[in-house]
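Chains A, B and C are the protein sequences, given in the same order.
So in the working numbering the end of the first sequence lands on 106, straight run, no missing numbers.
So in the working numbering the end of the second sequence lands on 1165, straight run, no missing numbers.
So in the working numbering the end of the third sequence lands on 2628, straight run, no missing numbers.
Since the hints were derived computationally from the structure, they do not count as laboratory data.
Among these hints, one or two may not hold up.
Facing chain C, according to a computed beta carbon distance under 10 Å, are these residues of chain A, among others [claimed, not checked]:
#1 20
#2 21
#3 23
#4 24
#5 25
#6 26
#7 27
#8 32
#9 93
#10 94
#11 96
We put the CB at the ideal spot given by N, CA and C, even for glycine.
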Amino acid sequence: MADSLLSYITLAMILFSLGLLGVISRKNIFIIYMSIELMLNAINLIFVSVGRYYESIEPQVIAMVIIAIAAAEAAVFLSLIVVMYRRKKTLNSDIFTVLSQKDSNE
Amino acid sequence: MIDIVFVVLAFFAVSGGVGMILFAQPIYSALSLIMTILALAGIFALLSAPFLFMLQIILYAGAIITLLLFIIMFLNIQSDNLPEEPHKKSTIVVGAILLVPFNILILKAFYTLPNKPMHILGDNFGSISLFGTELFRGWLVPFELISILLLTALVGAVVLARKDK
Amino acid sequence: MSNFLLAWIVLIPFLSAFLLGVMYLFSIKIAKIPNIVFSVIGISAPFLSFFIGFSFFIQMIGNDEIFLYKAFRWLGVDGRDIDMGFMADKLSIFMVLFISFVGGLIHIYASGYMKEDKGYGKFFFYFNLFIASMLLLVLAHSPIIMFIGWEGVGVCSYFLISYYYEDSANVQAGNKAFIANRVGDFGFIVALITIFYYVGVNGFDYINLEANIENVSPEILTFIGITLFIGAVGKSAQIPLFVWLPDAMAGPTPVSALIHAATMVTAGVYMVARFHFLYDLIPNVGLYVAYIGAFSALFAAIIATKQTDIKKILAYSTMSQLGYMFIAVGLGGYSVGIFHVFTHAFFKALLFMGAGAVIVALHHEQNIFKMGGMKNKTKLVFFTMLIATLAITGIPPFAGFFSKDEILLTAFSSEQYLLWSIGIITAVLTAYYMFRMLFVVFFGKNYKENRTIHFVPKSMTMPLVVLAIGSILAGFIGIPEVLGGQNLVGEWLANWKHNSLHVTHNTELILMGTNILAALIGIFIAYKKFYMYDMKKVPEFTGMVWNKFYIDEIYNKLIVDSIKHLSVFISFKIDINIIDKVVMGLSRNFIRTGQYVSKMQNANTRFYAFTMIVGISAISTYLILVIR
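One chain only, chain A, in its complex shape (with noise of 0.2 Å):
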């Protein structure tokens, strides 16, 4: 089982399957975010696997940055959560509708 490819690709997209699920699914910004991480990860998982396949370092080395990029971006976020949590004490994120039309005057 560990010796084929697709084993590795069956394991990724699952994750990445539940990664999107939870985004579309739950309205807790915090669960959005660890879903985002979570499909992050999965793409590692096929980058790294594939690389292993083709016996390639790159992809490896587009993982790291990946997780470099991950790092940046939970910095950012988190500090907007905070932020948005400060203005309107919950966490719902379909109260974020700034940029629909009817609550632009808000």
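The hints should help you fit chains B and C onto chain A, whose structure is shown.
Quick look at chains B and C alone, frame taken from chain A:
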């Protein structure tokens, strides 16, 4: 033997993911996520990526999730601050059904690849020295850009989270 | 070049009408123009046409010359061209002569009758336009050009009937005339199309049609014959399209005299005579035409016996005489029918104008039972009307005798004895109601002694005299051989004589005697009942005949009401419910869909993500199913 390791790690990873999206409390979700990340790190190790295995634990589990946990606890979330999510389970089911064709498509694509053995490679494949050589040889520019990105994120985080006077 | 003069016969009245119209607009907007100007221009136009027509007439004496003038090509359709052209042969010149002459006289009459009307110039504009259209109709060299004139007289008739437009009843009468005409015109148009399709290959004028008509199958010919006749029925007020003629009396009396006595209503008869080459080939349709004419004649005569409005009596009498003309042309005696058109123009115009004079004299009273004793008050009018009444009843030597006698002779010698008997009965009735009118209006006693008689100007009475002379003399051009005459009309229109009469001279004389006897019987009955009629009690009439056999009411219920119900139904049920629902519903649903779709843009990011997943799922399904 390797197979058993793989299956166990995979099991942990998937159950962590499932728990993450099902728990209502963010702390529990975060802890599930840690479980997933650690399992993934193990799988990286199985894939002849020792450096990435370490990076994952140090960076991801050690820094990013820690920061997340810190923020969760910092905000002092009570249960009434949590949003109500009445359609959580139904949306998950619908979404799962919707995602099936997508998965099948990707898997079908990968199915066409010929079968090659995926055992752990020797002779320093994925070690730090090889990794570093590759990083600074072909990927120097992205490396520098990452630094700038991190700096920007740092400044941005500080500016955003400042208390307005 | 001399043929170009032919066009002037029609052009002069058109130009004069145009000039009058412009002058009228000028006179009401800018500066008033005195009536005399309008009347001079208006009256000279038909007389000028008469003189030009007369010059052509002289050229045609003794030979069979046909004058053609093609003005311009109107429609060039791939070989089947239609030109605007004029054709003067013996028939059309004959019509031109009396149309323009009688028309001119009526113009003179109208200048007196309409003297105080403020639309004087407008009246003459319409009048000249009418003369122009009628002359165009008669001088057309092709059925299409004739149709232009046909429509033109119809529309002028509408204008002139609705002339006193302030009263909406008059306008309704004008509408009725136009609509009934239109029903007939539909038949005419269908006939034109059929003719054009089947026969007009080598050219669409009468000469070519006559040459090619034998190539068409009898069924098509029958169809054309019937549909053409439908047009004639509308224009000449026969059954069933006659309902407009009595209502048309709402127009001024000169209009009734000109249009509904002498000219427009005879257009149908002229048309059948023009198409003689067609009707010669389908004698069954001709018989049908003759029967319609006979029944219309009888029907109208019955109704006229109980009418009280003087103009309505004359209107029904016109319809009756037109029936006679159709009996003649239906049986192939085209020249006979046209002869009756000619004599009828004189005495009918005279009757109408005389009636108009009496109406004016009694301050626009039209009920004959409110008149009476006018014999001494308007001597000239009485005398001329007496002549005209004698003419119409067929007493020799007045005009109507010769023409009516020839019609009945045609019926008898074609062995159509039923038609002949209807003709005789109608002659009795004609004499009865005409003399009833004469006696009640001009004799009668116990009328109001102190009523004032309005003065009747010379411009109105002089034409009466001229027409009276005409009513006396007009018959003499058609004296049959049996009486020693040469039947000039018959000779002139020899090309239009279909059948020769197969009766002996003795039979002719006996028939003549029968006609005179019938007329005398009618006069006698009228004399008994109405001479010295006691005017004290104005009779009230009821009954079927008085109500014109309820034809108007029947038409109203059957046709007008059903169309009205249909339009109400369509406008309220279908239009509002179905069409509006669909159209408005379409737009409303469009808006609703738009609003619904716009809810998708709710800035809820998770919703966007969900939508994206739906999209990805769809694409993946497609790719899975399609790729290999």
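Margin query: Run through the hints listed earlier and report the numbers of any the structure violates, in increasing order.
Written below: none
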